[in-house]
Amino acid sequence: MDNWKSRFKHKLVEILGPEGVISSPDELVAYECDGLTSYRVKPLFVVLPRSAIEVSEVVKLCSAENVPFVPRGAGTGLSGGALPVEDGVLISLSRMNRILEVDIVNQRVVVEPGVVNIWVTNAVSNRGYYYAPDPSSQIVCTIGGNVAENSGGVHCLKYGVTVNHVLGLEVVLPDGEIIEFGGKTLDTPGYDITGIFVGSEGLLGIVTKVILRIVRRPEVVRTILAAFDRIEHAGAAVSGITARGIIPAGMEIMDRLSILAVEKAVQPRYPTDAGAIILVELDGPSAEVEAHVCVVTEVLRENGATEIRVARDESERELFWKGRKSAFAAMGRISPDYYVQDGVIPRTKLAEVLREIERLAQRYGLKVANVFHAGDGNLHPLILYDSSKEGEFERVEELAGEILRVCVEAGGSITGEHGVGYDKKRFMPLMFTESDLDTMYLIKCAFDPKGLCNPGKVFPTPRSCVEAGATSYKEHPVEKMGLGKRF
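Numbering-wise, the sequence shown is residues 1176 to 1662 according to the working numbering.
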């Protein structure tokens, strides 16, 4: 270890103690990537702070030494958003995992970023409440990562994504200062800086505390499974349901490949002869839900459903959803490797886009399993491949890019909930001009003038604050901009 690296490690140990700094090459391997394993970088060090003060001290040290740093939650992200920097520090927030306050009367929960998503619901379920955003990885993903990526989930159609449930944040800025945005009230005066941070993919600072909104459990929940011969018919049923003025809590579609994979993995008793299935969940007052069940089943039949099942009880309902939420992991049953994309399209374009994905898959000689949040048009095509075959991953990347191009041309977006990260930054020009990207970068410059916070993500080409047209940060300190309370 060279002298500078040794001195830098010593300063980290002074802040965090020896158990809070990981430097062994063997141990660093575990942090080389997030859930997107195609890209791997070994960081200089990994640090494990236990408080906002410790995060602040680490960031101040990095800023003083001009060392880049990357925040990381549970590492379940699928866009390379937590990919380390080779000469940088990875700041893992897994030890900051306390639920700090449960305020049932005001429907608020305050948590640290390392709290696992499902823990919030578990903490309030006995009082009749839950936390609505429910990514498929909710039993392992953390709130800090959900905030960074603005995660959604199967129930985002009716209840919204993470940004709709975050009221306030405590953040360590890239210069090490601790600042608070928002609060427990439903709305606060001034610019919505909380909204800017949610979904900013760790580029503006490190979240150390989150104020969440919880919601009351509905009186009744009904989950319907319907099978179709063709996935296009399932897509048409989705449009038909919303056209009848019904907004389900969730609507999910899985194609035949996905059905076969999850049947092998978790046996949810899906119809394995179906070309696709749709899961529709309805919730609310009993009379309303029962009326909507009748309308939904009618629409499903009109669109060619070959089988319709309404979950008989909670255990069967959970089994339906277990299959859907196990879909990504289950791909290992039918393919050595898979690459997941995350595009968004208008609901009315579902059939058209799915046909084009099938055509592209045939052209590239690859299989694509489709699993998606049909209600809001958020597609998750899983490209199946074998990494041991030379040149196959390159074909996968090309196909993934073509799929995103189709989504944009259909009036959609290159990401719905997985973020841009490292993986999809090259596709940003499909949606934005250079002027657009420079304008976005000005926001990063306002918070991170040195460019040390999670560098190399989101923006397709290297940028500096000077190139983007930003003036000196010191001329416009954050407190003068009225962005929040500093400490």
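Any given hint could be a false lead.
[Stated by the list, open to error] Computed list of lysine-lysine pairs in BS3-like fashion (alpha-carbon distance at most 30 angstroms, straight line): (1) LYS1600 x LYS1235; (2) LYS1600 x LYS1625; (3) LYS1625 x LYS1542; (4) LYS1184 x LYS1217; (5) LYS1186 x LYS1625; (6) LYS1497 x LYS1439; (7) LYS1625 x LYS1180; (8) LYS1333 x LYS1524; (9) LYS1180 x LYS1333; (10) LYS1524 x LYS1497; (11) LYS1600 x LYS1564; (12) LYS1359 x LYS1439; (13) LYS1180 x LYS1217; (14) LYS1184 x LYS1524; (15) LYS1564 x LYS1217; (16) LYS1235 x LYS1439; (17) LYS1542 x LYS1439; (18) LYS1542 x LYS1497; (19) LYS1497 x LYS1217; (20) LYS1524 x LYS1564; (21) LYS1524 x LYS1542; (22) LYS1625 x LYS1564; (23) LYS1497 x LYS1235; (24) LYS1235 x LYS1217; (25) LYS1359 x LYS1235; (26) LYS1564 x LYS1542.
By construction, these hints were calculated from the structure, which means they are not laboratory data.
Here's how the hints hold up against the structure:
1. LYS1600 x LYS1235: holds, 28 angstroms
2. LYS1600 x LYS1625: It holds: about 20 angstroms lies between the C-alpha atoms, which stays within 30 angstroms.
3. LYS1625 x LYS1542: violated, 43 angstroms
4. LYS1184 x LYS1217: At roughly 16 angstroms apart (the allowed maximum being 30 angstroms), LYS1217 and LYS1184 satisfy the hint.
5. LYS1186 x LYS1625: Holds. LYS1186 to LYS1625 sits at ~21 angstroms (cutoff 30 angstroms).
6. LYS1497 x LYS1439: holds, 13 angstroms
7. LYS1625 x LYS1180: Cα-Cα ~21 angstroms, so holds.
8. LYS1333 x LYS1524: holds, 20 angstroms
9. LYS1180 x LYS1333: Answer violated: LYS1180 to LYS1333 is near 50 angstroms, above 30 angstroms.
10. LYS1524 x LYS1497: The given pair, whose Cα atoms are some 28 angstroms apart, holds under the 30 angstroms limit.
11. LYS1600 x LYS1564: holds, 26 angstroms
12. LYS1359 x LYS1439: violated, 45 angstroms
13. LYS1180 x LYS1217: Holds, at about 15 angstroms.
14. LYS1184 x LYS1524: Outside the cut-off at roughly 53 angstroms; violated.
15. LYS1564 x LYS1217: The hint holds at about 25 angstroms.
16. LYS1235 x LYS1439: violated, 50 angstroms
17. LYS1542 x LYS1439: Holds, at roughly 18 angstroms.
18. LYS1542 x LYS1497: Judged against 30 angstroms, a Cα distance of about 23 angstroms means the pair holds.
19. LYS1497 x LYS1217: This hinted pair is violated, its Cα atoms lying about 34 angstroms apart.
20. LYS1524 x LYS1564: Distance ~34 angstroms between LYS1524 and LYS1564 Cα, so the pair is violated.
21. LYS1524 x LYS1542: holds, 21 angstroms
22. LYS1625 x LYS1564: Cα-Cα ~41 angstroms, so violated.
23. LYS1497 x LYS1235: It is violated: about 44 angstroms lies between the C-alpha atoms, which goes past 30 angstroms.
24. LYS1235 x LYS1217: holds, 22 angstroms
25. LYS1359 x LYS1235: holds, 28 angstroms
26. LYS1564 x LYS1542: holds, 15 angstroms
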